[in-house]
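Student: Chains as they are written, first to last, in our numbering: chain A, 1 to 439; chain B, 1 to 302.
These aren't lab readings, by the way, just hints derived from the structure by calculation. Do not rely on the hints blindly, as some may be mistaken.
Subject to a maximum C-alpha distance of 30 Å in a straight line, what follows is the list of computed DSSO-like cross-link-like pairs (lysine-lysine) [what the hints assert, rightly or not]: (1) A:Lys350 with B:Lys124; (2) B:Lys146 with B:Lys92; (3) B:Lys124 with A:Lys353; (4) B:Lys146 with A:Lys393; (5) B:Lys8 with A:Lys156; (6) B:Lys5 with B:Lys146; (7) B:Lys225 with A:Lys353; (8) A:Lys393 with A:Lys88; (9) B:Lys124 with B:Lys298; (10) A:Lys186 with A:Lys156; (11) A:Lys346 with B:Lys124.
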Amino acid sequence: MWKYRLSALLTLVLGCLLGWYIYNSEVTGSRPFRLGLDLSGGTQLVYKADVSAIPGGDVNESMNALRDTIERRVNIFGVAEPLVQTEKGGTLAGESQQRLIVELPGVTDTERAIAMIGQTPTLEFRMLKEGASVPAEGQSVPDMNALFEPAAVTGKNVERAELQFGQGGGLANEPVVVLHFDSEGKQIFADLTRENVGKIFGIFLDGVPISTPVIREVIPDGTAVISGNFTPDSARELVRNLNYGALPVPIELLTTETVGGTLGAEAVEDGIMAGLWGVGAVILFMLLWYRLPGLIASLALAIYILTSLALFKLIPVTLTAAGIAAFILSIGMAVDANILIFERMKEELKAGKGTQDAIRDGFARAWLSIRDSNISSMITAIILFWFGTSLVKGFALVFGLGVLISMLTAISVSRTFLLALGFAAEKGFARFLFGSGVK
Amino acid sequence: MLIIKYRKVFFALTGILLLLSLASVAFFGLTLGTDFTGGVLAEVRYGADRPGVEELSQSLENAGFTGHIVRESENNAYIIRAGNVSSEVRSKLQDTTSLGNRFPATIERFTEIGPTVGIELRNKSLIALSLVLVCILLYIAFAFRKVSQPVSSWIYGMIALVTLLHDVIVPSGFFALLGYLFGAQVDTLFVTAILTIVGFSIHDTIVVFDRTRENLRINQETRRKEDFEITAGRSLNQTFVRSVNTSVTVLISLGALFFFGPESTQDFALTLIVGIIAGTYSSIALATPLLVAYERWKVKRI
Chain A
1 MWKYRLSALL TLVLGCLLGW YIYNSEVTGS RPFRLGLDLS GGTQLVYKAD VSAIPGGDVN
61 ESMNALRDTI ERRVNIFGVA EPLVQTEKGG TLAGESQQRL IVELPGVTDT ERAIAMIGQT
121 PTLEFRMLKE GASVPAEGQS VPDMNALFEP AAVTGKNVER AELQFGQGGG LANEPVVVLH
181 FDSEGKQIFA DLTRENVGKI FGIFLDGVPI STPVIREVIP DGTAVISGNF TPDSARELVR
241 NLNYGALPVP IELLTTETVG GTLGAEAVED GIMAGLWGVG AVILFMLLWY RLPGLIASLA
301 LAIYILTSLA LFKLIPVTLT AAGIAAFILS IGMAVDANIL IFERMKEELK AGKGTQDAIR
361 DGFARAWLSI RDSNISSMIT AIILFWFGTS LVKGFALVFG LGVLISMLTA ISVSRTFLLA
421 LGFAAEKGFA RFLFGSGVK
Chain B
1 MLIIKYRKVF FALTGILLLL SLASVAFFGL TLGTDFTGGV LAEVRYGADR PGVEELSQSL
61 ENAGFTGHIV RESENNAYII RAGNVSSEVR SKLQDTTSLG NRFPATIERF TEIGPTVGIE
121 LRNKSLIALS LVLVCILLYI AFAFRKVSQP VSSWIYGMIA LVTLLHDVIV PSGFFALLGY
181 LFGAQVDTLF VTAILTIVGF SIHDTIVVFD RTRENLRINQ ETRRKEDFEI TAGRSLNQTF
241 VRSVNTSVTV LISLGALFFF GPESTQDFAL TLIVGIIAGT YSSIALATPL LVAYERWKVK
301 RI
C-alpha cells in the first residue's frame, strides 16, 4: 500500500516537473516545439538532379557538391535555418532518382524561392580591375562589377581540377589546386596570362570568390596552379567545387509547397483549440461514466499528454498539421486501455470480488487485449512511416509514439493510482464512486 | 444476445450499407487529388471583397491554368486546383487571382506536384494499403493460432478481413459523396485516414474475438457444454460497452478536431469519424454474427 502511495506521489511530482519543463522551455524559448513548414510558414522545394552524365562512382560526391552549393546560395540570401538535403527516391515510379530537398522557413514567396535556387551552379573567372583591392575569399562581393571584369576564359573551358602537393613553387608538401583547360580554353588562357602577368585573377563559384591568385607567368600548356593558404581539406573542397561547379548537375523542379505565415499560425491556434476541447470532453465523459476510476484515467491521460509533449521537444519531433491531428486522435485512443481495464474490473466486482482483488484481476485480464490491439495500431503506424511523404511521416511518428506511451501510462500510472487509493469500496458512497454500473 | 439472434436483419442492413457505398463510389467516383495526379493546388485569400467564381475562373483560363477547379473556402478564400503549369504561368498566379489589382489577393498556400511524383505516391499508397491488410491478416492468424474448436483460426482471420473491407468501403463511399457535394479529393491524407481506420477497427474486432477465445477456453476447462452461438453472444455482450465507449472517446476527440481544428485536416477528421463508426458497427454487428453464421452452416452440412 505505502509502496504504491510512494510511487503515486513520485509520478505526480514527475508529471509536475514535465509540465514545468514544457512551460519553461516554451516561455524562455530554450527549446520550443519544432514546427513544420505548414505551421510556421515557408517553402519546400524538391528537385530532381540529372546525374545521367556523371559516372556512377562520382554520383554521391557530385550530389554533395550540389548540396553545398545550394546551401551556400541559400545562406547568401539570409534565410534563417534552411535545410538542404539529398535523397534517393522515385524507385516506385520506375526509375531511381537523386533528389534535392530544400526547406526555407519564412520564405513565402514561391517565385523568389525558386529563383534563389533555380540556376545551376556556375564557375566564373574574372580579372581584378586596376587599383581595386582584393576582397576576402569565401564571402559574397556586393559590388563585384566595380571590382572585377569578366575574363575571356569561362567555366565551360575547365576540363577538370586536381589536387597536388608541393609544386606551386612554394614549400614542399603544400597542397595546390591544378586546373586543366580544354583545347580551346588552353589557347584563351595562354593569351590571357601573357597579357596580365602580375595581375589578380579571381575564381568565382556562384558569384563568391573562392580563390584570388596572382598570375605569375605565362601559362601556355592549359594548366593553372592555384597556390594559397590551403589546408589539404580546403584544397580538396575547392577541387570538388571546381569539378562539379564546372560540370554542374542540372536540376529540375519536381514539387513545391509554400504555406503563408498567417495560414500556419491559424492552423496552430486551431490545433491547440481542438486539443483543449478534445481533452476536456474526453475527461468529462470518463468522469461521468466511470466516476472515481474515470478521474484516475484522466490523471493518466494528463501524464500521457505531458510525457508526449516533453518527448516532442526532446527528440525533437517536427510537428505538422497532420501530426497535431494524430496527437488529438491519440488522446481519444489513449483512454482505450483504461476503458478495457475498468470494464473488466466491473465484471470482477459483479462476480463478488473485493475492490483490491477486482483491480488486480481487472488489470491482469485486460493486458492481453491491450497488447494485441496496440500491436495492430503499431503495424499501421510503422507502415505509414515507411510509406510516407513528410506529411504522412509526421502523422505516423506522432501516432506511433502515442500508441506506445499511452499503453505505458494507461496501464502503469492508473494501476499505481488505483492501488494507492487503497479503497475497500464495499458499500455506501465509496461503492458509488467506484462501482459505476455495478449493482 | 439480440444482435446474434437477429443477425440476418443486420446482414441485410450491412448489405444495403455496402451497396449504397459502392454505388456512391461507382456513381460519383473518387476524384484523385493533386498528390496523385500531379498539378497545382493553391489557396488564395482576399480582403473584404472577393471576385465571383466565374470571374476568377475566366481569369485563370486566360492566364493558362488549364483544367482548373475553383472551390470556395473559409475566410474569404478560394482553393484552386489545376494541372501542371510552366514556370511562366506559375509566376502570373498573383496577378491572375487579383484580376489586375481589382481584388488584391494573398497566396496563402501553393503546392505543385510533378507528374512522376504523383505516380510514385499512388503506387506507394497501394503498396502500403495491401501491406497493412496482409500484415494484419497474418497477425490475426498468429494471435488466434491456438483456437481451432469449433471454428478454425484462419476463419477468424477471414472474417476480420471481411469486416476490414466493409470498413474501407463505407468511408470510401462517403468520401465519394463528399467529393460530389463539396469537391473533396482523394489525397495522401485520405489514404492515411483509411489505414488508421483499418488499424483501429481491427483492434476492436480483436477485442471481441479475444473474449470469444477466452470464453471457449474457460468452457473447455470447466467442461461446460454450451452452444457456440450462446458463447459468442455472451462474449459480444461482455465487450459491447467497451467497444462503444472506446469509439465514443475517439469520436469525441475527432469531433473536436473537425469542429475546432485546422481546415487542412477537416476532411481527414470527417473521413476518420465515418470510418470509426463503420468500424465499431462492423466489429459488433458483423464480425461475431458472421462467426456464428459460419459455425451454424458448418454444423448443418455435417
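Student: If a hint holds in the structure, say so; if it doesn't, say that too.
Tutor: So, going through the hints one by one against the coordinates:
Our distance criterion of 30 Å between C-alpha atoms is broken by Lys350 (chain A) and Lys124 (chain B), whose separation comes to about 50 Å. Our distance criterion of 30 Å between C-alpha atoms is broken by Lys146 (chain B) and Lys92 (chain B), whose separation comes to about 66 Å. Of the supplied pair hints, the one linking Lys124 (chain B) and Lys353 (chain A) is violated, its CA atoms being roughly 52 Å apart against a limit of 30 Å. With a C-alpha separation of about 36 Å, the suggested pair Lys146 (chain B) and Lys393 (chain A) falls outside the 30 Å cut-off, and the hint is violated.
Among the hinted pairs, Lys8 (chain B) with Lys156 (chain A) is inconsistent with the structure: their alpha-carbon atoms are about 79 Å apart, more than 30 Å. Restraint check for Lys5 (chain B) and Lys146 (chain B): satisfied, since their Cα atoms lie roughly 27 Å apart, inside the 30 Å limit. A hinted pair counts as satisfied when its Cα atoms are at most 30 Å apart, and Lys225 (chain B) with Lys353 (chain A) qualifies at roughly 26 Å. Between the alpha carbons of Lys393 (chain A) and Lys88 (chain A) the distance comes to roughly 17 Å, so the proposed pair stays at or under 30 Å and holds.
Taking the CA atoms of Lys124 (chain B) and Lys298 (chain B), the gap is near 40 Å; set against the 30 Å cutoff, the hint is violated. With a C-alpha separation of about 12 Å, the suggested pairing of Lys186 (chain A) with Lys156 (chain A) holds against the 30 Å cut-off. Note on Lys346 (chain A) and Lys124 (chain B): the hinted pairing is violated, with a Cα-Cα distance of about 45 Å set against a maximum of 30 Å.
In this structure, the hints that do not hold are numbers 1, 2, 3, 4, 5, 9, 11, in rising order.
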